[in-house]
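Trainee: Sequence:
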Amino acid sequence: MEQNNTYIKTLIGKMTLEEKVGAVLSLGFTGTIALPHIYDYITKYHCGGLRLSANSRTFGNYVDPHTGKVIVHAKGDFGFRDEVLMPYCAPSQYRETLQELQNTARGRRLGLPLHFCFDQENNSDFNYGGMNIFPFPMGIRASGDPHMAYEVAKAAAMQARAIGINWIHSPVLDVNTNPKNPEIGIRAYSDDPEEVAAYAAEALRGFREGGVIATGKHFPGRGDSAEDAHFKLPVIDVDKDTMLNRELLPYRRLAKVLPSIMIAHSIFPAFDPDEVATVSKKIVTGLLRDTIGFEGVITTDSMTMGALALRYGVANACAMALEAGADLVLMKAETSLVDETFSAILQFVEEGRISEPELDEKVYRVLQTKYEYGLFNDPVVHSKTPEEVIHSPELRSVAKGAALKSTLIARDRQSLLPLGKEEKLLVIEQLPLYIPNDRYWHPGQLYYDIARINRNADYLEVKYTHDEADRERIHQKAALYDTIVVTNFYNRGTALNQDTIDYLLSLSDKRIVLVTNTPYEMTIPPACGTVVLTFSAGPDSMQVVADTLFGNTLPQGEWPILYHPGE
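Take the sequence shown: its letter number 163 is residue 163 in my numbering, and every next letter is one higher.
Keep in mind the hints are simulated off the structure, nothing from the lab.
On a predicted model such as this, the values are computed, not experimentally measured, just so you know.
One thing to keep in mind: the hints can contain errors.
[What the hints assert, rightly or not] Quick list of in silico lysine to aspartate or glutamate cross-link-like pairs, DMTMM-like style, CA-CA up to 25 Å: (1) K232 - D119; (2) K20 - E323; (3) K180 - D502; (4) K384 - E209; (5) K400 - E209; (6) K240 - D272; (7) K9 - E295; (8) K281 - E2; (9) K421 - D547; (10) K256 - E361; (11) K75 - E227; (12) K232 - E323; (13) K421 - E461.
[What the hints assert, rightly or not] Here are the computed distance ranges between Cβ atoms for each label pair: (14) A451 - N245: 48 to 54 Å; (15) E295 - R353: 20 to 26 Å; (16) G293 - Q93: 39 to 45 Å.
Yeah, the Cβ is synthetic: ideal placement off N, Cα and C, and Gly gets one too.
Generate the whole structure from the sequences, applying the supplied hints.
Mentor: This is how it looks when you write it as structure tokens:
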């Protein structure tokens with residue numbers, strides 16, 4: 001990258017080594033209330049930005065979903081009880097919090113602004129209270145219209161920017177070729193690299209117009225994996241030619257317009273058989289910088305994820321990633337790991353493993369990107385309140401349109417649809433994950449929408465992953481109804497409810513309608529004859545599902561991938 005910005009170069013010339021190390025750190029801020037240690041991250045560790053996780057009260061450990069064993073201890077000891085939800089926070093209240101943190105940063109010696117980033121592929125991560133919820137990327141592809149990717153990205157960016165968020169970890173450029181991929185799935189646009197590139201290009205245009213810094217992920221591609229990098233170390237054993245022409249196609253197409261790229265915590269033997277990509281100089285510098293020619297900011301994924309932390313140790317891995325060529329380290333754990341990470345990076349610089357000129361180049365890329373997106377001039381302030389932006393006719397129209405165009409009737413072999421508006425039926429609905437529980441989005445969302453149409457609908461609420469008590473209640477109540485609408489949504493890291501769905505399908509005298517957000521067999525058993533597919537559990541999508549079930553609307557989505565269940 002040519003360093004033509006003399007303002008940024010002058011700032012770097014005034015920075016201490018500690019300030020430079022802080023500038024390449026994105027540290028964690030979990031919840032909606034900033035505790036004293038968050039201010040320490042800004043003033044003591046000089047952090048360049050904060051990674052926001054407002055959907056939980058504290059950052060959690062990484063626990064193997066199959067064994068229940070803690071893989072990485074990353075949870076801060078704040079005396080919190082696990083079952084207590086995060087304090088509810090309206091968008092305008094959250095903006096006040098971010099403004100206060102930004103003011104703290106601007107009050108530092110050189111006045112460097114913070115970036116506020118979040119992991120956003122629409123849906124449940126977008127839960128700051130009353131926010132528009134859009135379908136996952138594969139749902140955007142189901143619209144059949146790349147322009148929808150632009151509209152949704154711009155709307156998402158406008159919402160985020162109104163609150164003060166200025167860096168988004170999206171779009172997903174993974175090509176989800178493995179139907180059993182537990183981590184990517186509907187977070188990808190498609191299993192076709194051409195489709196991924198086309199929709200992501202439109203999303204990038206929308207993010208830029210909406211004023212947020214976009215991040216393509218997860219380089220060089222995590223779509224052909226059957227492991228979740230949060231808990232295990234995936235090995236993407238795909239030959240080099242296939243990687244270049246499939247996984248890397250979106251990156252090669254978009255390298256010149258992507259402001260940032262995130263590295264995957266996986267091993268790619270085609271490029272480096274020994275090291276995880278995040279700490280591999282062959283991949284970060286050799287492949288991404290030199291071969292593809294990417295000049296923007298290279299960021300890591302969360303450095304506390306099990307795939308990386310167990311192999312190298314969190315603090316050491318953070319320094320190794322910078323040594324390999326990354327510019328920005330994402331370290332979310334709000335623990336002593338912050339101090340260990342800061343010290344490890346300082347040690348790498350002092351030992352010459354990262355030269356100070358190399359560190360200066362990293363800082364330049366990060367600060368130049370912030371400068372380009374106006375963070376030095378207007379880091380948070382927005383002319384309208386967040387609520388005015390969120391509830392504007394423009395954004396509400398995009399959210400409703402995306403919900404309609406992403407929903408489809410995937411199967412109706414017995415022609416069960418539409419259901420009768422007077423018939424007795426049972427709605428079995430999962431308690432959702434990570435929602436603000438306000439009037440806009442709350443447990444029982446689908447049931448409430450169904451009950452507005454059919455007053456004879458009954459309701460059974462179960463956990464997202466059914467426990468034994470849920471299964472017993474389902475067995476008892478299902479016996480009372482001929483028609484059952486059941487949700488089987490999937491979120492990465494959650495177990496599946498296959499036993500429950502198989503049981504309901506075994507009841508030959510029952511009419512079963514499955515509502516799911518995933519087009520794969522992990523949620524759609526081959527025996528299921530009626531399936532409504534929606535790539536979101538958000539409120540606008542649930543309204544479309546309810547209207548679809550009773551024939552009030554005809555969903556407009558199309559099958560978005562080359563793969564079909566059963567093939």
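Trainee: All the hints need checking, so say for each whether the structure fits it.
Mentor: We went through each hint and held it up to the structure:
1. A distance of roughly 20 Å separates the Cα atoms of K232 and D119; the hinted pair therefore holds under the 25 Å criterion.
2. Taking the CA atoms of K20 and E323, the gap is near 14 Å; set against the 25 Å cutoff, the hint holds.
3. Proposed proximity of K180 and D502 is supported: the alpha carbons are some 19 Å apart, at most 25 Å.
4. About 17 Å separates the Cα atoms of K384 and E209, which keeps this hinted pair within 25 Å; it holds.
5. With a C-alpha separation of about 21 Å, the suggested pair K400 and E209 falls inside the 25 Å cut-off, and the hint holds.
6. The hinted pair formed by K240 and D272 meets the criterion: a straight-line CA distance of about 11 Å does not exceed 25 Å.
7. Distance check on the hinted pair: K9 and E295 sit about 17 Å apart at the alpha-carbon level, within 25 Å; holds.
8. This hinted pair checks out: K281 and E2 have alpha carbons roughly 21 Å apart, not beyond 25 Å.
9. This hinted pair checks out: K421 and D547 have alpha carbons roughly 11 Å apart, not beyond 25 Å.
10. This hinted pair checks out: K256 and E361 have alpha carbons roughly 18 Å apart, not beyond 25 Å.
11. The straight-line distance between the Cα atoms of K75 and E227 is roughly 23 Å, inside the 25 Å bound, and the hint therefore holds.
12. For the hint linking K232 to E323, the alpha-carbon distance of about 23 Å falls within 25 Å, and the restraint holds.
13. With a CA separation close to 21 Å, the supplied pair K421 and E461 stays within the 25 Å bound.
14. Between A451 and N245 the CB atoms are about 50 Å apart, so this pair conforms to the stated range of 48 to 54 Å.
15. In this structure, E295 and R353 meet the distance hint of 20 to 26 Å, their C-beta atoms being roughly 23 Å apart.
16. Restraint check, G293 to Q93: a C-beta distance of roughly 43 Å satisfies the suggested window 39 to 45 Å.
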